[in-house]
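Trainee: So the protein lines, in turn, are chains A and B. Counting from 1, position 162 in the first sequence corresponds to residue 162 in our numbering; the numbering is continuous, with no gaps. Counting from 1, position 292 in the second sequence corresponds to residue 292 in our numbering; the numbering is continuous, with no gaps.
Among these hints, one or two may not hold up.
Non-contacting residues of chain B with respect to chain A, defined by C-beta distances greater than 12 Å in every case (computed) [stated by the list, open to error]:
id: 1; residue: 40
id: 2; residue: 52
id: 3; residue: 69
id: 4; residue: 91
id: 5; residue: 126
id: 6; residue: 145
id: 7; residue: 180
id: 8; residue: 187
id: 9; residue: 207
id: 10; residue: 286
id: 11; residue: 326
id: 12; residue: 335
id: 13; residue: 465
id: 14; residue: 490
Result set (PhoX-like, lysine-lysine): computed pairs, CA atoms no more than 20 Å apart in a straight line [to be verified]:
id: 15; chain 1: B; residue 1: 454; chain 2: A; residue 2: 28
id: 16; chain 1: B; residue 1: 148; chain 2: B; residue 2: 187
id: 17; chain 1: B; residue 1: 21; chain 2: B; residue 2: 313
id: 18; chain 1: A; residue 1: 75; chain 2: B; residue 2: 458
id: 19; chain 1: B; residue 1: 6; chain 2: B; residue 2: 21
id: 20; chain 1: B; residue 1: 447; chain 2: B; residue 2: 426
id: 21; chain 1: B; residue 1: 458; chain 2: A; residue 2: 28
id: 22; chain 1: B; residue 1: 426; chain 2: B; residue 2: 362
id: 23; chain 1: A; residue 1: 75; chain 2: B; residue 2: 362
id: 24; chain 1: B; residue 1: 377; chain 2: A; residue 2: 75
id: 25; chain 1: A; residue 1: 158; chain 2: B; residue 2: 456
For the chain A half of the interface with chain B, some residues (derived, Cβ under 7 Å), not all of them [to be verified]:
id: 26; residue: 132
id: 27; residue: 137
id: 28; residue: 138
Quick caveat, the hints were computed from the structure, so don't treat them as lab data. Note that the coordinates shown come from a computational prediction; the quantities given were computed from them, not determined experimentally. All residues carry an ideal CB built from backbone N, CA and C; glycine is no exception.
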Amino acid sequence: MKLLRVYMDTGETYVVSYDQKDNKDTIKSEEGEMVVEFLGKGTRENEYLFKVGDQIHSITLDEGFLILDQEEEYKVDRVNELPVKEGQSIEELMKGKEGEVLSPLQGRVVVVRVKEGDAVTKGQPLLSVEAMKSETIISAPIAGVIEKIAVKPGQGVKKGDLLVVLK
Amino acid sequence: MPPFGKVLVSNRGEIAVRVMKAIKEMGMKAVAVYSEADKYALHVKYADEAYYIGPSPSIESYLNIQRIVDAAEKAHADAVHPGYGFLSERADFAEAVEKAGMTFIGPSSEVINRVKSKLDGKRVAKEAGTPIAPGSDGPVGSLDEALKLAERIGYPVMVKAAYGGGGIGITRADNADQLMDIWERNKRLAREAFGRPDLYIEKAAVRPRHIETQLIGDKYGSYAVAFERECTIQRRNQKLIEEAPSPALTPEKRQEFIEASVRFGKRIGYFALGTMEFAYSDVTKDLYFLELNKRLQVEHGITELITGIDLVKLQIRLVAGEHLPFTQEELKIRGHAIEFRINAEDPLNNFTGSSGYVTYYKEPNGPNVRLDTGIEKGSWVPPFYDSLVAKLMVYGENRARAIETGRRALRDLKIGGVKTVIPLYKLIMDDEDYQTGNFTTAYIADKSEIFVKKLKEKEMLKTALAASVYNRGLMRGNRTQEEGTARPKSAWKTYGVQAQANARVMW
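All chains, please: the whole structure from these sequences, using the hints.
Mentor: This is the structure:
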């Protein structure tokens, strides 16, 4: 059993647990569990076949991209193995620590409305991130005290980046 | 003889490229303008000449009238095509171009000034006998007045910003409580977004569809309508998928739309291309005029596909003073066309814009496919402008065939490096309500839960397969073989291989 963080090139990151037994991989994420059976190489160069449920899917590799079923292209920047500390549950690792506010999107920090040491109520706006002309306000998920602000106005952030730590 | 020698296109992205294609075909020179962010953009490379007009924010470049007119003068352009968005419907821009001794490709500043706001449009429509939604004749002064009016015309009502555009500042209120809730907020938003807080109220259509007509007029009072476009598939009042003709109209209803549009055009002496937007109720069969877009429309291409007219070339000729080359009776609808707006947006994240480099790019082509694009492999999608990067259009002899082609072309179109709405469109093509034409403007909002669920499942599948591919070392798999492919260096070797492979060598 491994814990992986998959970094997509478009900024998303997904934390999954990965368990390989012969040809069968069990992958668990926040969204649920999936059993992927590796069927081997396809009949063309750079084509690999997998069985998920009763469906057979192909992955073709092209210019560093993965093409799913000949139609959907995506790229993985990297896959990191995460250290699992004793006593830590997978669910906990997937969701991030309580009080950590992560960026829900890729963009640029416009304003930070709070400073370290401020007490905030649940739902209070902390900062806003702008992506393509529209501003998204990030609010406090819980009531608490701002322990750390990890970003500055004007800074670019990726999805999943740490913005603020609440205590 | 081309009507002009050189035309400057004061826009960017796919529409700049599209307009330049018409300019080049007509034997004229195409001039681009570009901001800092667009230094390496496709429209700049495609033009015959290009001029830098300022920093990336559009207010300093594509919205800067002085700099664009300066560039046009420097280039010795005879005419300026504004595309859509940016300065395309600004009377002051048209006037500045006219004053500089050039032709503005669109209606004159005088005609633009006849319909400045949505409320002007409603007034003209009333005078012309074009049907409008019951509601206020002018801006509604106070909340009390609004409540009284809404009570009289009946809920639900639409609250709109008089100077609004682009689908911003439109809210529906189903009852008095909701109206009270949104009134002050919308007023403030309207002031922030458009500089004028004026709001007005009109009755909302029951199960509304958004249908628009393509109005075409010359300077001598002749009009024709190149039929309608159905633009009902929207999110946040912005169009995503359009089609022509509308699956909801009978020939009689279509005629009603055409006549209502021509009456409006005649009333204000409109010329060149205009789009008459209507709300249409499937239930009551009422049509309500919404507004006139005084420019080339984003979705003009699907009208071109079903009528065979090149609207951009026609627009340029009409503005140059040529007569309308056909009558209404000569126009015929042939087949069905669908347009998909390819936006660099994340459908899983409330359609937030996705900026970045296009690192993978495959265009669809083949029978019945047209792609108007503003990007290529290596392009940067900047965060400063609209997220529309390309328009995919498909054609079929009927709607079902067009959907088939659409599904295929969406699969063939591959854009990597930025998020796009393509995965969502694939789901819509497979949706029965879309296939049967059973939808309203709330289609995306109503189905968002199921679409998001399916998109998330796909993301999970992609992540899981990526985890398998990486953990099994498959990414490294075949690289050696690729590089190891023998490439004959000598032409004699190639000749030898070919000669032996050819059956004729035996004789």
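Trainee: Run every hint past the structure and note whether it holds.
Mentor: Structure-based check of each hint:
1. With a least CB separation of 19 Å from chain A, residue 40 of chain B remains clear of the 12 Å interface cut-off, as annotated.
2. A cut-off of 12 Å between C-beta atoms confirms that residue 52 of chain B is not in contact with chain A; the least separation is 22 Å.
3. The claim that residue 69 of chain B lies off the interface holds: its Cβ sits roughly 25 Å from the closest Cβ of chain A, which is beyond the 12 Å cut-off.
4. Taking the minimum C-beta to C-beta distance to chain A, about 24 Å, the non-interface status of residue 91 of chain B holds against the 12 Å cut.
5. With 12 Å as the threshold on Cβ separation, the claim that residue 126 of chain B sits away from chain A holds: the shortest Cβ distance comes to roughly 35 Å.
6. No Cβ of chain A approaches the Cβ of residue 145 of chain B within 12 Å, the least distance being about 32 Å, so the stated non-interface status holds.
7. The beta carbon of residue 180 of chain B sits about 23 Å from the closest Cβ of chain A, which is more than 12 Å, so the claim that it is off the interface holds.
8. The claim that residue 187 of chain B lies off the interface holds: its Cβ sits roughly 20 Å from the closest Cβ of chain A, which is beyond the 12 Å cut-off.
9. Look at residue 207 of chain B: its CB is around 28 Å from the nearest CB on chain A, clear of 12 Å, so calling it non-interface holds up.
10. With a least beta-carbon separation of about 33 Å from chain A, residue 286 of chain B lies farther than 12 Å from that chain, consistent with its non-interface assignment.
11. No beta-carbon of chain A comes within 12 Å of the beta-carbon of residue 326 of chain B; the shortest separation is about 40 Å.
12. No beta-carbon of chain A comes within 12 Å of the beta-carbon of residue 335 of chain B; the shortest separation is about 25 Å.
13. Separation of residue 465 of chain B from chain A is inadequate, the least Cβ-Cβ distance of about 6 Å not exceeding the 12 Å criterion.
14. Non-interface status of residue 490 of chain B relative to chain A is upheld: no Cβ of that chain comes within 12 Å, the nearest being about 26 Å off.
15. A distance of roughly 17 Å separates the Cα atoms of residue 454 of chain B and residue 28 of chain A; the hinted pair therefore holds under the 20 Å criterion.
16. Annotation: proposed proximity of residue 148 of chain B to residue 187 of chain B holds, straight-line Cα distance about 18 Å (limit 20 Å).
17. Proposed proximity of residue 21 of chain B and residue 313 of chain B is supported: the alpha carbons are some 9 Å apart, at most 20 Å.
18. About 14 Å separates the Cα atoms of residue 75 of chain A and residue 458 of chain B, which keeps this hinted pair within 20 Å; it holds.
19. Under the criterion of a C-alpha separation no larger than 20 Å, the hint pairing residue 6 of chain B with residue 21 of chain B is consistent with the structure, at around 13 Å.
20. Distance check on the hinted pair: residue 447 of chain B and residue 426 of chain B sit about 14 Å apart at the alpha-carbon level, within 20 Å; holds.
21. Straight-line distance between C-alpha atoms of residue 458 of chain B and residue 28 of chain A comes to about 14 Å, which keeps the hinted pair within the 20 Å bound.
22. For the given pair, residue 426 of chain B sits about 17 Å from residue 362 of chain B by alpha-carbon distance, which is consistent with the 20 Å threshold.
23. Under the criterion of a C-alpha separation no larger than 20 Å, the hint pairing residue 75 of chain A with residue 362 of chain B is consistent with the structure, at around 15 Å.
24. Between the alpha carbons of residue 377 of chain B and residue 75 of chain A the distance comes to roughly 15 Å, so the proposed pair stays at or under 20 Å and holds.
25. A C-alpha spacing of about 19 Å is found between residue 158 of chain A and residue 456 of chain B, which places the hinted pair at or below 20 Å, so the restraint holds.
26. Against a cut-off of 7 Å between C-beta atoms, the interface hint on residue 132 of chain A holds, since the closest Cβ of chain B lies about 2 Å away.
27. Among the interface hints, the one on residue 137 of chain A is violated; its C-beta lies about 12 Å from the nearest C-beta in chain B, farther than the 7 Å criterion.
28. For the restraint placing residue 138 of chain A at the interface with chain B, the shortest Cβ-Cβ distance is roughly 12 Å, beyond the 7 Å limit, so the hint is violated.
Consistency note: the structure conflicts with the earlier hints numbered 13, 27, 28.
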